[in-house]
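Colleague: Sequence:
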Amino acid sequence: MEKLALLALTPPGWGGVLLEGALATLAISAGAYAAGFGIGLAGALGKLSGQRPLVAALDVYTTAVRAIPELILIVGLYYAGTDSLNRLLAMFGLEPVEVNGFLAAVLVLGIVQGAYMTEVLRGAILAIPVGQIEAAKAMGMPPLLRLRRVVFPALMPNALPGLANLWLNVTKDSALIAVVGYQELALATRIAAGNTKQYFLFFLAASFIYLAITLMSNQVFRLMDRRYRRGLPQSA
7 MEKLALLALT PPGWGGVLLE GALATLAISA GAYAAGFGIG LAGALGKLSG QRPLVAALDV
67 YTTAVRAIPE LILIVGLYYA GTDSLNRLLA MFGLEPVEVN GFLAAVLVLG IVQGAYMTEV
127 LRGAILAIPV GQIEAAKAMG MPPLLRLRRV VFPALMPNAL PGLANLWLNV TKDSALIAVV
187 GYQELALATR IAAGNTKQYF LFFLAASFIY LAITLMSNQV FRLMDRRYRR GLPQSA
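Under the numbering used here, read the sequence shown as residues 7 to 242, first letter to last.
What the hints contain is simulated information worked out from the structure, not anything from laboratory work. Heads up, the beta-carbon is just placed ideally off N, CA and C, and yes, glycines get one too. Treat the hints with care, since some could be wrong.
[What the hints assert, rightly or not] For each label pair, taking beta carbons as the anchor points, the in silico distance ranges come out as: (1) Val185 <-> Ala73: 41 to 47 Å; (2) Leu151 <-> Thr202: 53 to 59 Å; (3) Pro59 <-> Thr202: 31 to 37 Å; (4) Glu76 <-> Met230: 24 to 30 Å; (5) Val81 <-> Pro59: 55 to 61 Å; (6) Arg155 <-> Pro102: 45 to 51 Å; (7) Phe108 <-> Ala11: 29 to 35 Å; (8) Val103 <-> Gly22: 27 to 33 Å; (9) Glu104 <-> Ala70: 24 to 30 Å; (10) Phe158 <-> Lys203: 47 to 53 Å; (11) Arg58 <-> Arg232: 26 to 32 Å; (12) Gly19 <-> Arg93: 26 to 32 Å.
[Stated by the list, open to error] Derived DSS-like pairs (lysine-lysine); straight-line CA-CA distance at most 30 Å: (13) Lys9 <-> Lys178; (14) Lys143 <-> Lys9; (15) Lys178 <-> Lys143.
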């Protein structure tokens with residue numbers, strides 16, 4: 007019972023620290039996922055545009071990000087990005103800045119997510135029957151309206167399984183942000199375990215929190231899948 011008391015939400019328990027870490031994990035993951043979705047949608051449309059220089063640049067981006075281990079990318083983008091920004095500011099005689107840890111985490115993970123989402127969304131767009139897009143063009147829909155009214159609703163049923171996997175990946179990848187010093191669930195767990203020496207207890211508690219996030223996320227994506235598949239023929 008004494009050990010379980012260490013999970014209390016108020017001191018001397020560390021449950022509140024774990025809860026704050028879990029909320030930080032969700033905030034980082036949601037921000038990075040949204041940024042990655044925006045990058046991925048733009049990247050998918052760019053790859054399908056047929057413009058060779060743009061396609062070549064996007065190929066380099068998606069290949070490099072998927073080939074390099076994510077930990078190396080996160081550390082490299084964080085420190086190299088901060089150094090490049092401060093060098094640029096120095097050229098204009100401005101003082102160096104300290105990059106906000108949360109924004110840096112969201113941006114770095116968003117860039118990583120964007121590479122994977124580019125391919126997921128590109129495949130989903132290619133799976134849309136070409137007649138639907140041609141019909142929208144024949145009706146005179148401008149590109150943005152066509153994207154909102156035809157392409158996006160049609161790609162989502164095909165993209166949701168991949169998007170669900172990417173969401174679960176980013177919730178786990180957020181633990182890598184601890185290497186740049188931002189406290190999310192993984193770092194909060196290490197701090198609590200290090201201070202109490204109850205490593206098994208706190209890492210087991212963190213595992214259950216990650217499992218709870220996964221189970222709730224699965225339910226959300228099931229509801230989204232049901233919504234986007236309304237009116238579509240169901241497989242046997």
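Colleague: Tell me the numbers of any earlier hints that the structure contravenes, in ascending order.
Modeller: 1, 3, 5, 11, 12, 14, 15
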